[in-house]
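**Q** Protein chains in written order, with the working numbering: chain R, 1 to 118; chain U, 1001 to 1092; chain L, 2001 to 2328; chain W, 3001 to 3107.
Rather than coming from a laboratory, the hints here were simulated on the basis of the structure. Mixed in with the good hints there might be a few duds.
[Stated by the list, open to error] For each label pair, taking beta carbons as the anchor points, the in silico distance ranges come out as:
#1 3018(W) with 2134(L): 42 to 52 Å
#2 2103(L) with 3061(W): 48 to 58 Å
#3 66(R) with 2255(L): 44 to 54 Å
Each residue gets a CB set at the ideal place from its N, CA and C atoms; glycine is no exception.
Here's the letter readout for the chains.
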Amino acid sequence: MEFLGLYNYWVFAVLLMTGLYAVMSKANLIKKLIGMSIFQSAVFLLYITMSKVEGGTAPILQPDAVDQLYSNPLPQVLILTAIVVGIATLSLGLAIVVRISEVYGTIEEDEIRELDGE
Amino acid sequence: MYYVVSIAILVTMSLALARALLGPTVYDRILAVNMFGTKTALLLSVIAFLFGRPDFLDLALAYALINFIGVLAVLKFVQDYTLRHRGRGGGS
Amino acid sequence: MITLFGVFVSTLLVITAIGMVRSQNLFGAVMLTGLFSLQMAVIFFILDAADVALTEAAVGAGVATVLLLSALALTSDEEARRRRRRWVAMTVVSATTLMVIYATFDQPRLGDPEAPVHQHVAPWYLAETPRLIDVPNVVTAVLASFRGYDTLGELFVIFTAGIGVMFILADGREKGRLSLLPSPDAQGLRHHLVPRVVGRLLVPFIVLFGLYVQFHADFGPGGGFQAGALISAGMILYALLEGESAALRAVSFQALAGMIAGGAFLFVAVGVAGMMLGGHFLDYSVLSSDPVVGQHLGIFLVELGVGITVTGVLLTIFHALSARVQRS
Amino acid sequence: MDAGLDVASWILLVAGGGFIFVGGLGALRMPDFYTRMHAASLTDTLGTILVLSGVILQAGWSLAAVKLAAIMVFLLLTCPTAAYALANAARLAGQRPQGLARHQKGC
């Protein structure tokens, strides 16, 4: 059981790099945005993993419970707002992609470069 | 016994994920997402009891209400898509 | 046992993410995005972050899929096939993954109460919230009161994104006004009787649940961000069923613009009111003669402002994208 | 009395878990889309009823039971509707059941 204590961090590393790989190597702009959101989710996972306390419960205080441990509320607050900011930035990216597709007729990065070169 | 149900739901989730990855048609993927959504609502309500904090049932309620929207969005997407392609190319 | 559940679901998460990146069909990738968000919510819930899980549920299940699908309808749903393998990217990514994994061996293990994160600030929040603010949900207290500046900043990021989408997608050809209006013959799913009847039944419940989440934030998981996402999901459902023009008749563009600005204004106004009454910016204790009552009032108003702006922004983005879909 | 309730909710929960698993298996193993959907949507509904009733028995008379009942009602409304909408979308896009594809190409 002991080695599983770091499992979430490994998942975080793999997810982070999967997202980075999509952003780096995929030519399709929507695919890049999806990769970006995977990257974001990896960061969310890291923060929430850090907020967990063994034997704790969600930081909503129970008045009748004595000596109850609670998980750390601070990372949760940061991620809660970040999720909504994430969807807002994702849609801003989508709006830009839609405009690019209207002007160039494609959302593949290399084709856009070729069109620009002419 | 909560554990038994949770494990059954988790295994079903992985089966649904396999279906979503295998495809082959887009509808299989939507079916998998919809299944997964229902299972998530169930799993969250069971885990809320496992934790002994039934006040977190709100989450499962949110999924029960919202899971539907994705399927409808897909339905509308497919409808628009087929309409447009028929309009352009003639015939499906 | 619960930890094992978490391990299982995070393994599924990795498989889903790799599937998303590999999928040639963008539509399939968007469907997997939905799955990914569901799994994230389960993991958040298992890791005791009920508020975060609720946010992920509200945003991921409803709004994100709809927005991505609208964007796909405007572009294309197939990724062009590439023959060339990206060995450089693959190598860099694998090497970095190994380095990050190597770095994690110095991390405290999951749930370690002695971890450095839990030593500073957080214990103070947990200990002082009952005395200073007296609401059970510490997340709400930290979000709206202790770290109000952060939340204000995040709110303005969302505000800016909403304004940005409006400007990018507004049609410049018609002078003088932003024409984001859909074509009036947009039917939505009116021909599908069964989803329409059931969906219309659900819309008021979703909005009601959103309001419950908004106003119950002191006691249970919830708050302005979640409520905004839930309410806009309800309105998006209405727009899908009855057509966008019907949804805009219910809540017009002018109203949405007013909501975007009004919610942010309410937040700042509460902060300035604190200054007027002799406290600091966003210090709610001075809003009432009893500091705790003042905090309650301040948190209530600030969360309301957040909820209004988030609803306005998400709905504006949805309408801007779907108006494009109909024009194309 | 309490033991009786416990046994009843055990049975409901385990049966629900069983149905859910069978549904997942069907969704993975069935040969074409419509049969997969048949397996998934029917067992979804039954499994939901069984599991949530089992949990309601455990919750007793409380706010949690009301919320669980609400979850059940909403899932019972949306699951079949979603299945219908999905089958409709598939049909609209020209997806055919496996047996039909060979015999009736014309319509």
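**Q** Work down the list of hints and note, for each, if the structure agrees.
**A** Here is what the structure says about each hint:
1. Roughly 47 Å separates the CB atoms of residue 3018(W) and residue 2134(L), a value that falls within the hinted 42 to 52 Å.
2. Under the hint 48 to 58 Å, the C-beta atoms of residue 2103(L) and residue 3061(W), about 52 Å apart, fit the expected range.
3. Between residue 66(R) and residue 2255(L) the C-beta distance comes to about 49 Å, which sits within the given range of 44 to 54 Å.
In summary, the structure agrees with every hint in the numbered list given earlier.
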